[in-house]
Amino acid sequence: MAATPEPYDTIECDVLVVGAGGAGMRAAIAAADAGCTVRVVTKSLLGKAHTVMAEGGIAAGIGNVDPEDSWEVHFADTMLGGQLINNWRMVELYAHEVIDRVLELERWGGIFDRTEDGRIMQRAFGAHSYKRLAHVGDRTGLELIRTCQDRMVHTQGVDVSMEYTLTALLKSGGRVCGAIGYDRNTGRFVAFKAGAVVLASGGWGRMYRYTSNSWECAGDGAAMAYQAGADLLDMEFVQFHPTGMIWPPGARGILVTEAVRGEGGLLFNAEGSRFMLDYDPVKKELSSRDVVARSIYKEVQAGRGTPHGGAYLDVRHLGADYVKRKLPSMYEQFHALASIDITRQPMEVGPTIHYTMGGVRVEPETAATTVPGLYAAGEAAGGLHGANRLGGNSLGDILVFGRRAGDAAAEFAKTGGATRVIDETQIAAEQAELLQPLGGDANGAAPAENPYKLHEDLQLAMQDDAGIGRSEESLQRALAAILTLRERSAHIRVSGGRALNPGWHTCREITNMLVISEAIVRGAMERRESRGSQWRFDHPEQEVEYGKINLVTRRGDDGMQVVRVPLDPLPERLRPLLERSRFYDPAKLPKGYLTETVVAAGTTGGKRKRK
Amino acid sequence: MAVADSPAPTVDLPVEDVLTASGLTGETLTLKVLKGVAGGEQAEVAYQVPVVTGMVILDAVHYVQHNLDTDLACRWNCKAAKCGSCSAEVNGRPVLMCKTRVDDLPAGPVTVHPLKSFPLIKDLVTDVSRNYEVNREIPPFTAAPDDGTPWRIPQQDIDRIYEFRKCIECFLCQDVCHIIRSHDDADRFYGPRFFVRVASLEMHPKDILDRREQTREQGGLGYCNITKCCTDVCPEHIHITDNAIIPLKERVADVHWDPVRFVGRKLFGRSGD
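Chains as they are written, first to last, in this note's numbering: chain A, 1 to 611; chain B, 1001 to 1273.
Keep in mind the hints are simulated off the structure, nothing from the lab.
Do not rely on the hints blindly, as some may be mistaken.
As the list claims (entries may be wrong) - Below 25 Å or equal to it, Euclidean Cα-Cα: the simulated SDA-like pairs (lysine to any residue) are:
1) Lys-324/A <-> Thr-1231/B
2) Lys-1032/B <-> Pro-249/A
3) Lys-283/A <-> Ser-273/A
4) Lys-131/A <-> Ile-1153/B
5) Lys-1099/B <-> Glu-1044/B
6) Lys-1099/B <-> His-308/A
7) Lys-1228/B <-> Gln-1214/B
8) Lys-1228/B <-> Ser-329/A
9) Lys-1099/B <-> Pro-346/A
10) Lys-324/A <-> Asp-1104/B
11) Lys-1099/B <-> Ala-336/A
12) Lys-131/A <-> Val-1095/B
13) Lys-453/A <-> Asp-1069/B
14) Lys-1206/B <-> Ala-1143/B
15) Lys-453/A <-> Thr-1053/B
16) Lys-324/A <-> Ile-1153/B
17) Lys-284/A <-> Pro-307/A
18) Lys-131/A <-> Leu-266/A
19) Lys-414/A <-> Val-371/A
20) Lys-1206/B <-> Glu-106/A
21) Lys-453/A <-> Gly-1023/B
22) Lys-1099/B <-> Gly-309/A
23) Lys-324/A <-> His-1239/B
24) Lys-1206/B <-> Asp-100/A
25) Lys-283/A <-> Phe-268/A
26) Lys-1116/B <-> Val-1095/B
27) Lys-453/A <-> Ala-499/A
28) Lys-131/A <-> Pro-67/A
Make the full structure from the sequences, and use the hints.
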């Protein structure tokens, strides 16, 4: 290993923001408004981040359409949807502040559909008690990203490095003080020296075969945080969105927005039966995503699937004009990719990987991770959504906690992060590792591995054995596959040079995805129950003991450790709020600290007297 | 076979699953990709790609990347026509590769070239940074400071600008525009994408700035002679010429070519504006 690094560029800033989706841009605006110089680094061009894929809207208890709605009901729905293992303080802050963030977006020039009397329109969505999602057509994510982008590029103090990859966080004296990476177009190394770092790097759906995620979602941020010693939280929870396209093959996994059901779309099996009436007679098609995804899966397993193995999603009864006005991009998507006119034919849909509830463990108020100087927000962070995220809570999440992370990072950069020293040996070691796949022959006798093939094999293993349904046996298989792939990854070799070489770029993403996959699988093994998105065939029930803990993944001396951490129970002052949800049912409370006494007494649960 | 040279899969799928999932048609597509780097020679390289039902050009390019040429460079993100990253010229026409189906193209070899109006970086990737510079030049949305939220805005005001907000910044309109392609003053021309941007701001009911003179002077709005090529290639079907550029030209004419002001300028020089 070379002790002296090859020459590299140095870029200095107060706050380094990793990622330019909604969370990153909102963090950058906040930090710059606090007087800091900010550098935003993105793997792609500005405005292309995965936020653009969000379609349905931003959940906020404004109550424009249903006046009964409020932040309290939003709080209750989010906690119940997350099966009560969410970080309640994050949910409280979120439900409170997301209303202001929506109005702020409007003040920044973002547009929303309107009610009759000109206020922001809100639509129904799965497991939300009331019509709650502020939206514009089915392109709300694009509107959010464009609005934040225009605000950010016109904010003094923010600079953007487009098409740069960051590969490791730099530490000094136990504190994060920057990151190293490279310019994708030239391959030249760059060190970013910073007073504080905000990870807003998104999720990691790319390690599954059928995914609605873009190539970017490789878990780089979470993997870097893990390597730097930060705790990861709730990694076993991976959301399957119930409705992805399943045909044609190339389109499989592409998202069909929940707004289709929010606007009144119905699900049928191949026999023409509206099966959601059986699985969730109260919420029906608008049940939470984990429930609808499992229901479709079960229908297919029972032999009632559509020709390509899914369910029918039908909007024909809504009328062609309404469909084209409220769901224009869905109309276009099916027309272009599947030659289907959704105003005349039903869509064929099935579960697709969509979101990762787990992420870097953070403090609710500041988004601070367990490593000083490092902050995380948005999908990269864990805790807000618990065991299952409700639709519309992601666009709100990135605005609320993006801002909080930006504020806190700015504060840290001015105080604790004032001295910024870079360790040259750390840079040299990282460079050597990154350049290895370009180094000609593979190590020893093993054949050279193609990074794309490794990725495909990982996707198959995760899809089949750590997917919508899991068991000890399947998870053991997945873990064995991951460990084998890790050995093979040492022999990855790519042709070409360093300038804009996607094969080379994929190499580090593979190692990141292997780290995160291992965390998912080890967490899923440790949680021997079914809760939210975690469905264990061998442990189909919810268990009280797992409703009182979160699982924390961290790097130990001899590999990855998964430890149980008691979660902070909902305080008395917030418990009555749960009853404000229209879906509150004392007999069906998620098992955990609230149901503990009843289960211990051997009754069926849920009869616990509440104060 | 799509996976001929891959190592044994770690998980065995039932044979019928593999067939259904792969959707191979048995046909082969000849994909001719223009490869090259900035400042070097460009040359078409032909690849043979097995065709899958419903395949789009981006799938074919990915097949090449994964199996035949791992350092073939292209941009892509969402693969769902929502991010506007995978713009290229397919059979000479500027399109999104993720939305262009192989079975919609005429039989025979398909050419895939990078956008011609922007400087080449490598293979299918071009330097589009000029667009981001233009965006910074356009004064951002600005509301009256005393116009307190929550706002009341009629839906029809939203409907009018919603079309412009659909833009995914694929820059196909910029690529096809003959002013940007071949005009000497291209660096004094914002281009269709940014006329759409200006239109969305100018027609926003809460925006108080006036960008008309800037759009004429620095943006070169007058260079556009409404050939509608931009509208023709827009994957979001934005009526760029009819709904953005022509109304902007009318608004600019109102302020700049007003007869009284015109005479004033002639008599008293530019200060008469």
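Cross-check of the supplied hints:
no.	hint	result
1	Lys-324/A <-> Thr-1231/B	20 Å, holds
2	Lys-1032/B <-> Pro-249/A	23 Å, holds
3	Lys-283/A <-> Ser-273/A	17 Å, holds
4	Lys-131/A <-> Ile-1153/B	19 Å, holds
5	Lys-1099/B <-> Glu-1044/B	22 Å, holds
6	Lys-1099/B <-> His-308/A	21 Å, holds
7	Lys-1228/B <-> Gln-1214/B	22 Å, holds
8	Lys-1228/B <-> Ser-329/A	23 Å, holds
9	Lys-1099/B <-> Pro-346/A	21 Å, holds
10	Lys-324/A <-> Asp-1104/B	23 Å, holds
11	Lys-1099/B <-> Ala-336/A	7 Å, holds
12	Lys-131/A <-> Val-1095/B	38 Å, violated
13	Lys-453/A <-> Asp-1069/B	13 Å, holds
14	Lys-1206/B <-> Ala-1143/B	6 Å, holds
15	Lys-453/A <-> Thr-1053/B	22 Å, holds
16	Lys-324/A <-> Ile-1153/B	22 Å, holds
17	Lys-284/A <-> Pro-307/A	23 Å, holds
18	Lys-131/A <-> Leu-266/A	18 Å, holds
19	Lys-414/A <-> Val-371/A	17 Å, holds
20	Lys-1206/B <-> Glu-106/A	10 Å, holds
21	Lys-453/A <-> Gly-1023/B	19 Å, holds
22	Lys-1099/B <-> Gly-309/A	24 Å, holds
23	Lys-324/A <-> His-1239/B	17 Å, holds
24	Lys-1206/B <-> Asp-100/A	18 Å, holds
25	Lys-283/A <-> Phe-268/A	15 Å, holds
26	Lys-1116/B <-> Val-1095/B	12 Å, holds
27	Lys-453/A <-> Ala-499/A	22 Å, holds
28	Lys-131/A <-> Pro-67/A	9 Å, holds
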